[in-house]
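Chain G is fixed; fit chain P onto it per the hints.
Each chain is listed here by its residues.
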Amino acid sequence: MAQLAFTTRRLVCAVGCAAALLLSACEPLGPDELQREVETIGSVSAEGSVLADQVARQSTKRTFARVQSRELADAAEHSAERLTDAHPADGLGEPTQRAIDLAGRISDEIGELEQAPDDATQAAGIATRLRDLSDQADSLAGSL
Amino acid sequence: MKKLVQVALGILAAIGGFVDIGDLVFTTQAGAEFEFQLIWAVIVGVVGIVVFAEMCGRVAAVTGRPVLDVVRQRLGYGAGLVTVIGSVLLSFLTLSAEVGGLALVMELFFDAPYATLVLVSVLALLVVTWILPFEWIERVFGYMGLALLVFLIGAIDLHPDWGAVADGFVPSVPEHSIVLYAYFAIGLIAAALMPYEVYFYSSGGVEEHWGVKDLGLNRANAVLGFGLGGLLSISVLLVAALVWHPISVQPDMIGTVALGANVPLGEAGLVLALIGIAVAVAGAAIDTAFATAYNIAQFFGWEWGKYRSVRVAPRFTIAWVAAFALGYVVVSTGVDPIQLTEYAVVFSVVVLPLTYLPILLVARDRTFMGEYANGRLASALGWIYLGVIMVAALSAIPLLIATNAGGG
Chain G
1 MAQLAFTTRR LVCAVGCAAA LLLSACEPLG PDELQREVET IGSVSAEGSV
51 LADQVARQST KRTFARVQSR ELADAAEHSA ERLTDAHPAD GLGEPTQRAI
101 DLAGRISDEI GELEQAPDDA TQAAGIATRL RDLSDQADSL AGSL
Chain P
1 MKKLVQVALG ILAAIGGFVD IGDLVFTTQA GAEFEFQLIW AVIVGVVGIV
51 VFAEMCGRVA AVTGRPVLDV VRQRLGYGAG LVTVIGSVLL SFLTLSAEVG
101 GLALVMELFF DAPYATLVLV SVLALLVVTW ILPFEWIERV FGYMGLALLV
151 FLIGAIDLHP DWGAVADGFV PSVPEHSIVL YAYFAIGLIA AALMPYEVYF
201 YSSGGVEEHW GVKDLGLNRA NAVLGFGLGG LLSISVLLVA ALVWHPISVQ
251 PDMIGTVALG ANVPLGEAGL VLALIGIAVA VAGAAIDTAF ATAYNIAQFF
301 GWEWGKYRSV RVAPRFTIAW VAAFALGYVV VSTGVDPIQL TEYAVVFSVV
351 VLPLTYLPIL LVARDRTFMG EYANGRLASA LGWIYLGVIM VAALSAIPLL
401 IATNAGGG
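Protein chains in written order, with this note's numbering: chain G, 1 to 144; chain P, 1 to 408.
Just chain G, with the same shape it has in the complex (with noise of 0.2 Å):
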């Protein structure tokens, strides 16, 4: 009898647990989360940048540089996946849009230093298009 209360009640918090995952997944994403996400976009962002200066400069190596950056696109490509999946609250819908183009776009850039970690032309480029976007975020992160 016991074993079977015991039971019972484990099937109870279990389930307990599973619609409050479902409800979770469900709940809209608010302007603190919006904000945080497009703060940790902008943080990619702008250590993209100073790792597309140290290639720019050629004072870095170039394996490093490869790893480094497609880990910093892959983290800008989850961000804007995680903002893709998520259902916005009222009036948050566009900064969400945003945010979701920033991401790609930074991803984007980063993967170009990727593909050519040795180009330090190219690599100045990136670097001040990516100080840019960073300041895109803040500013964004900033109205939330």
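Errors might be hidden in some of the hints.
[What the hints assert, rightly or not] Derived coverage of chain G by chain P (criterion: at least 3 residues anywhere in the stretch with Cβ under 8 Å from a Cβ of chain P; other residues may be distant):
| # | region |
| --- | --- |
| 1 | 37-48 |
| 2 | 88-102 |
[What the hints assert, rightly or not] Now the in silico label distances, taken between C-beta atoms and shown as ranges:
| # | chain 1 | residue 1 | chain 2 | residue 2 | range |
| --- | --- | --- | --- | --- | --- |
| 3 | G | Glu27 | P | Ser177 | 38 to 48 Å |
| 4 | P | Glu135 | G | Arg82 | 42 to 52 Å |
| 5 | P | Glu175 | G | Gln97 | 53 to 63 Å |
| 6 | P | Glu267 | G | His78 | 23 to 33 Å |
| 7 | G | Asp74 | P | Arg315 | 38 to 48 Å |
| 8 | P | Tyr114 | G | Glu81 | 13 to 23 Å |
| 9 | G | Pro31 | P | Gln339 | 20 to 30 Å |
[Said to hold, decoys possible] Sample of chain P residues at the chain G side, in silico, Cβ under 8 Å:
| # | residue |
| --- | --- |
| 10 | Phe109 |
| 11 | Asp111 |
| 12 | Asn262 |
| 13 | Leu357 |
Keep in mind the hints are simulated off the structure, nothing from the lab.
Since the structure is predicted, the reported quantities are computational estimates derived from the model, not experimental observations.
Cβ atoms here follow ideal geometry from the backbone N, Cα and C, with glycine treated the same way.
Same frame as chain G, but now just chain P:
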């Protein structure tokens, strides 16, 4: 000078504790988020570990007994068993993280598939640990880990505002998110006091056959070894504060830590940083593998010690080899090594007080330690730090949850 070159045990134990893969990223995050404001937390942690490492080294030198023996004797079988289970899980999770971390650093060098590098890393660790005698493991990984001093040179080269750095030595109210500030402060303090450091350190003292004549060497190891570890930690924090804080980067990759040294010092800085990180992470892996094997062997009364041959201490040898092998299995599941160190915090909550209380009780016990028992200052510092440890242990998990593991 002789003592200065004999502090490898302290350096390696410190590296295993607070400049391992998780802590390098954590310390970089702390500097990027709060600039110099958390330097004091590193210092609080370092003074604490110096106090307790000196005590457990002294107990090992005077009685020939490592920490776990003392824990079991003072707290009895039940509490000893809880301590050994928690401590083995903590050491083992950290070991798994270090194996994965070493592969991550290797990836930055060679750009080979991660799964291959995990296998190569664990095999390299096994071979090196098998071949090298204990004192050479200490020397190679302790002294080569000092390549991380490149972060200190980098920080100086970045010309920080030394007044602002000095302000960081005193706790201050943060401009934003006091909960996040508390999370990082507790994390930095707890990192310096990780229990496997004292298990490794005291067992290392026994491995080196410390006696009463080596009490000075113990003090030198505790102060200089752990002090150097603290300096490395502060240097990493300084570079993060100077490079990443001004542009609001939130570091969460080991590559970001190394890139910090690249900025002021160019390619040479990057290479030295990567070497230092690789050696520190490998040293931490060996540190935790031995801590795991020491704990199991000492609790069950097996013959133990790297200085003993495999034939004399077969189960101890099997324990550290198995720890590496199981660590490989855990990392091969694809779990993020850096997140793994965060999960390990859960076990440190149980182990921290159960490890440090018995050390203090025995080190101050005149019937046990005779004339080498704690003086008033050591006992007072010990009790104060036991309070700090209790606060860290009780607040670690709530802060981990409240801040989403530092993610805000």
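field: Coverage of the region 88-102 of chain G by chain P (three or more Cβ within 8 Å)
entry: violated (count 0)
task: Go ahead and decide if the range 23 to 33 Å is satisfied by the Cβ distance of glutamate 267(P) to histidine 78(G).
output: Holds: the Cβ-Cβ distance is about 29 Å, inside 23 to 33 Å.
message: Just to be careful: measuring from the Cβ of aspartate 111(P) to every Cβ in chain G, is the smallest value less than 8 Å?
response: holds, 5 Å
- prompt: Could one say that the CB atoms of glutamate 175(P) and glutamine 97(G) fall in the range 53 to 63 Å?
  reply: violated, 32 Å
task: Could you see if the CB distance from aspartate 74(G) to arginine 315(P) stays within 38 to 48 Å?
output: Because 43 Å falls inside the window, the suggested range holds.
message: Can you tell me if the region 37-48 of chain G counts as covered by chain P, using C-beta to C-beta distances under 8 Å and a minimum of three residues?
response: n = 6 at 8 Å, threshold three: holds.
field: Range hint compliance [Cβ, glutamate 135(P) to arginine 82(G), 42 to 52 Å]
entry: holds, 50 Å
message: Please check whether tyrosine 114(P) and glutamate 81(G) have a Cβ separation lying inside 13 to 23 Å.
response: holds, 21 Å
field: chain G contact restraint on asparagine 262(P) - CB to CB distance below 8 Å
entry: holds, 6 Å
Glutamate 27(G) versus serine 177(P) beta-carbon gap, inside 38 to 48 Å or not: violated, 23 Å
- prompt: Taking the closest Cβ pair, is leucine 357(P) under 8 Å from chain G?
  reply: Because about 35 Å separates leucine 357(P) from the closest Cβ in chain G, which is outside the 8 Å limit, the hint is violated.
Phenylalanine 109(P) as an interface hint toward chain G, with CB separation required under 8 Å: The hint holds - phenylalanine 109(P) has a Cβ within 8 Å of chain G, the shortest such distance being about 6 Å.
Going down the numbered hints, you'll see the structure goes against 2, 3, 5, 13, while the others check out.
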